[in-house]
Amino acid sequence: MRIFLLTKTPQSERTKLCLRLAASSQDAVVYLAGDGVYNLLRQDEAGKVNHNGEAVQATGHPCQKDGFQALAATLQKHRIFACLEDLEARGVHADGKATIPADFYGSLVNEMMREGSQVYSF
Amino acid sequence: MKSFFFLLDSAPYGSEKAFGLLNAAAVSSKMDAAVGLYGDGVYLALADQDSRALGLPNHSDILYAYPEIRVLVHEPSLVDRGLMNAGLLERVELMDGEKFFEEMLVADGIILL
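Keeping their order, the protein sequence lines are chains A and B.
79 is the number that this note's numbering gives to position 79 of the first sequence; each next residue is one higher, with no gaps.
1101 is the number that this note's numbering gives to position 101 of the second sequence; each next residue is one higher, with no gaps.
Pulled out of the complex, with its shape left as it was, chain A reads as follows (with noise of 0.2 Å):
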């Protein structure tokens, strides 16, 4: 198994690069601490529309994808685990976009000390 700790935002060349190689893994698994958290945040969620229609980010810069959707797209929901700590502390929301373990790092900790793992920290 591949363990991907990913503690970026969604806009990171980091967290690109993070899902570039998940995607590339048959078993690969994302645990989001940290603002990594905020890769679960929708469009509608993390930006707003511009008087053109188009979506943008709250900086003002358009938006390409939004750090779900991209997540989405590399990993189902079974496979991204998020730490509650900090969602709350970051006021985000999973809504069954994630699983939230009752030991975030318990979790992660059994995950990487099975025989054959490897851990990728971004």
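If you're looking for bench data, these hints aren't it; they were derived computationally from the structure.
It is possible that some hints are incorrect.
Non-contacting residues of chain A with respect to chain B, defined by C-beta distances greater than 12 Å in every case (computed) [stated by the list, open to error]: (1) Glu13; (2) Ala22; (3) Ala23; (4) Ala70; (5) Thr99; (6) Pro101; (7) Phe122.
Lysine-lysine pairs mimicking DSSO-like chemistry, simulated, CA-CA at most 30 Å apart [stated by the list, open to error]: (8) Lys1002(B) with Lys1017(B); (9) Lys8(A) with Lys1017(B); (10) Lys97(A) with Lys8(A); (11) Lys1017(B) with Lys1030(B); (12) Lys1002(B) with Lys1099(B); (13) Lys16(A) with Lys1099(B); (14) Lys1099(B) with Lys1030(B); (15) Lys97(A) with Lys16(A); (16) Lys97(A) with Lys1002(B); (17) Lys8(A) with Lys1099(B); (18) Lys1099(B) with Lys1017(B); (19) Lys97(A) with Lys1017(B); (20) Lys1030(B) with Lys97(A); (21) Lys1002(B) with Lys1030(B).
In this text, a Cβ means the ideal position worked out from N, Cα and C, and glycines have one as well.
Chain B: place on chain A using the hints.
Same frame as chain A, now just chain B:
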């Protein structure tokens, strides 16, 4: 033998990330270690680096001091920065995107700073 892929995705000078990453790779040189240059990290592949004015070590010297460490360069990052015709260090290996990502995925661990 464990294999580690040290990914440098930031500029080689101006922060301690590259120096720290290269030293970590040097310490791991008895294992199967590779340094991957990606994004702004590809600037480390340029030949004729002169860091004296910065008062910093020349990071390319570290690469030459440990020939057992492979140095892989993400070619699309070079193209994005207009560096395809620039002189590069002799010991780097240019790789297209797919090959570069394959090298990352076969490693037991990826380390970024």
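Restraint check for Lys16(A) with Lys1099(B), where alpha carbons must lie at most 30 Å apart: 17 Å, holds
What's the verdict on Lys1099(B) and Lys1030(B), does the C-alpha distance respect the 30 Å limit or exceed it? 24 Å, holds
Take a quick look at whether Lys1017(B) and Lys1030(B) sit within 30 Å of each other, Cα to Cα. OK: Lys1017(B) and Lys1030(B) at ~22 Å, within 30 Å.
Could you grab the alpha-carbon distance between Lys8(A) and Lys1017(B) and see if it respects the 30 Å cut-off? 17 Å, holds
Against chain B, does Ala23(A) keep a CB gap of more than 12 Å to every residue? Contrary to the label, Ala23(A) does not stay out of reach of chain B, its closest Cβ about 10 Å off (not over 12 Å).
For the pair supplied as a hint, Lys97(A) and Lys8(A), is the alpha-carbon distance within the 30 Å limit? Holds - the C-alpha atoms of Lys8(A) and Lys97(A) are around 18 Å apart, at most 30 Å.
So if I understand the rule, the pair passes when the alpha-carbon distance is 30 Å or less; does Lys97(A) with Lys1017(B) pass? 34 Å, violated
Please verify that the nearest CB of chain B lies beyond 12 Å from Ala70(A)'s CB. 16 Å, holds
Pairwise hint evaluation, Lys1017(B) against Lys1099(B), where the allowed Cα distance is 30 Å at most: OK: Lys1099(B) and Lys1017(B) at ~24 Å, within 30 Å.
If you draw a straight line from the CA of Lys97(A) to the CA of Lys1002(B), is it 30 Å or shorter? 35 Å, violated
Is the Cα-Cα distance between Lys1030(B) and Lys97(A) 30 Å or less? 42 Å, violated
A cut-off of 12 Å on Cβ-Cβ distance, and Phe122(A) was said to be off the interface with chain B. Does that hold? 7 Å, violated
Going down the numbered hints, you'll see the structure goes against 1, 2, 3, 7, 16, 19 and 20, while the others check out.
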